[in-house]
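**Student:** Chains as they are written, first to last, in UniProt numbering: chain A, 1 to 253; chain B, 1 to 248.
What the hints contain is simulated information worked out from the structure, not anything from laboratory work. Glycine included, every Cβ here is placed at the ideal spot set by N, Cα and C. There could be a bad hint or two in this list.
Straight-line Cα separation of at most 25 angstroms, DMTMM-like style, residue types lysine to aspartate or glutamate; simulated pairs [as the list claims (entries may be wrong)]:
id, chain 1, residue 1, chain 2, residue 2
1, B, K23, A, E113
2, B, K20, A, E67
3, B, K20, A, E79
4, B, K15, A, E52
5, A, K111, B, E219
6, B, K15, B, E107
Restraint-style ranges between C-beta atoms, simulated for each label pair [said to hold, decoys possible]:
id, chain 1, residue 1, chain 2, residue 2, range
7, B, Y10, A, N199, 46 to 52 angstroms
8, B, N41, A, D91, 55 to 61 angstroms
9, B, K20, A, D91, 22 to 28 angstroms
10, B, K20, A, N25, 32 to 38 angstroms
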Amino acid sequence: MIEVKHISKSFGDTQILFDISAQFNPGQVNLIIGASGQGKSVLTKCIVGLHEVDEGKVIYDDRVFSEMGRNDRKLIRQEIGMLFQGSALFDSLTVLENVMFPLKMFTKMSKQERKERAQFCLERVGIVGKDDLLPAETSGGMQKRIGIARAISMNPKYLFCDEPNSGLDPKTSILIDNLIKEITYEYNMTTIVITHDMNSVMEIGDHIIFINQGRKWWEGNNKEIIRTDNKEVVDFVYASTFMKNLRSKLVNN
Amino acid sequence: MNLFEHIGKYFMMLKFVFSKPEKGSVFWERFFTEAQNIVINSIPLIGFLSFFMGGVISLQTASNMSSPLLPEYTIGYITRQSTILEFSPTIISLIIAGKVGSNIASEIGTMRVTEQIDALEIMGVNSIGFLMLPKILATTLFFPFAIILSMLLSLIGGWLAGITSNLYSTKTYIVGLRAFWNVDQHHLYYALGKTMVFAFLITSIACYYGYNVKGGALEVGKASTNSVVAASVTILLANYILTQLVLI
Ligand SMILES: Nc1ncnc2c1ncn2[C@@H]1O[C@H](COP(=O)(O)OP(=O)(O)OP(=O)(O)O)[C@@H](O)[C@H]1O
Ligand SMILES: [Mg+2]
Chain A
1 MIEVKHISKS
11 FGDTQILFDI
21 SAQFNPGQVN
31 LIIGASGQGK
41 SVLTKCIVGL
51 HEVDEGKVIY
61 DDRVFSEMGR
71 NDRKLIRQEI
81 GMLFQGSALF
91 DSLTVLENVM
101 FPLKMFTKMS
111 KQERKERAQF
121 CLERVGIVGK
131 DDLLPAETSG
141 GMQKRIGIAR
151 AISMNPKYLF
161 CDEPNSGLDP
171 KTSILIDNLI
181 KEITYEYNMT
191 TIVITHDMNS
201 VMEIGDHIIF
211 INQGRKWWEG
221 NNKEIIRTDN
231 KEVVDFVYAS
241 TFMKNLRSKL
251 VNN
Chain B
1 MNLFEHIGKY
11 FMMLKFVFSK
21 PEKGSVFWER
31 FFTEAQNIVI
41 NSIPLIGFLS
51 FFMGGVISLQ
61 TASNMSSPLL
71 PEYTIGYITR
81 QSTILEFSPT
91 IISLIIAGKV
101 GSNIASEIGT
111 MRVTEQIDAL
121 EIMGVNSIGF
131 LMLPKILATT
141 LFFPFAIILS
151 MLLSLIGGWL
161 AGITSNLYST
171 KTYIVGLRAF
181 WNVDQHHLYY
191 ALGKTMVFAF
201 LITSIACYYG
211 YNVKGGALEV
221 GKASTNSVVA
231 ASVTILLANY
241 ILTQLVLI
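Starting from the given sequences, assemble the full structure and let the hints guide the process.
**Tutor:** Next comes the structure, spelled out in structure tokens:
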């Protein structure tokens, strides 16, 4: 379980996050949604410690991460897997080496064991026979999946995905969403996904946090979000005319 | 950011560079790869430049020696001294700052803007140490060998240039090369010492600029240019200071 308590964050004079508190449970896909520029990425980066919070606490299963030094954080970080928005694969390493990288840095596995584990993870995300390609030689959707394979290679307790399906076609998006959902349930991970994609919200939103103007504006799940009356959430979810019509039908029923 | 902030941040970075690597075996693997990428791969360029520069030094010295009072072996002597004191350590370092510095800054800068550095940090890797220490150590330790090679090739270049244009005999040239060696020997150590300093500066400054890129591809390009400018200026300043300290 990851808890954030009253986090605030400013860059210089501009405050980005205002007093956000939330709880993210294991075995659930937790979504952070909201319009562009509202602070979703900053919030996530505060949680994983790429930004320091100005106020408040970030707690990983009773361990107060935000108050730890570099060395203690390292231990928790080895329990974190993260898929970056641009995949962030190491471009000088092959697909297989990318997935093996965390294993090589942090485990005592033999080369053979590392290879087997990496291939298992790659298979798990449906990438087979691409071991020796460089990331630049694979497609965007594959890179996302390889990114997920790398993120899960160490069997993380906490999985973060920053916009896992931005820039992908609807079918591949759904594939990746389902993958995230399955591994979350399978390994009882605490998963946090940032997304813009309404399909994902409906498909995998076990727990949803809506961020607006740097504040936690609304919280609920994918069933509740359909029926909420919160104006900003409605504006966000039912942004297109198509969705607006859908909503009026839903409400009329 | 002003100059002093840059210098402060640079030294803060060095503190992380020299922390213990996460895993020894990975460090050594990267160390030798970097030695190959940075030093060995620069040798053809260094060799080519040195050979022709040596030739030019001796030809110019010969053409400027009109006084019959100067013995002919002075040509070999001057070629040796300019090669060892300035040409090989300083000029070659400046050229390498252009080649290697821009390369490192854009490599690390690209890793920064594509979040690869964040990915390392999230995994719990000390990204500064992981990326920079192998590069900095490999260059600082191996670069002097490349410079020794540069010195040799420069002297050979000087010799060939002279004898093919019939300016002096091999014998006179060699007499010149050996002249006053017993009192000038320390120049070689001074030169190799300053090479190590320059190599350290080139790589660490390039790493600094690359690591602190913010933005996108455009900024990576700028960082790479800035790192070459900063490294060149620093090399020349360091050269002046070291010469003051050691030779005067
Ligand atoms: N490192 C930074 N320094 C200064 N300001 C920043 C920094 N990172 C983000 N911001 C600002 O914080 C605000 C929120 O940015 P953030 O990246 O969290 O948005 P987001 O909700 O993730 O948007 P998107 O959906 O477009 O990714 C923006 O106004 C942005 O300009
Ligand atoms: Mg974002």
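**Student:** Each of the hints needs a verdict: does it hold here or not?
**Tutor:** We went through each hint and held it up to the structure:
1. B/K23 <-> A/E113: holds, 18 angstroms
2. B/K20 <-> A/E67: Given pair B/K20, A/E67 holds - Cα atoms ~23 angstroms apart, limit 25 angstroms.
3. B/K20 <-> A/E79: holds, 22 angstroms
4. B/K15 <-> A/E52: holds, 20 angstroms
5. A/K111 <-> B/E219: Cα-Cα ~38 angstroms, so violated.
6. B/K15 <-> B/E107: holds, 21 angstroms
7. B/Y10 <-> A/N199: 46 to 52 angstroms: Holds: the Cβ-Cβ distance is about 47 angstroms, inside 46 to 52 angstroms.
8. B/N41 <-> A/D91: 55 to 61 angstroms: violated, 19 angstroms
9. B/K20 <-> A/D91: 22 to 28 angstroms: holds, 27 angstroms
10. B/K20 <-> A/N25: 32 to 38 angstroms: Because 37 angstroms falls inside the window, the suggested range holds.
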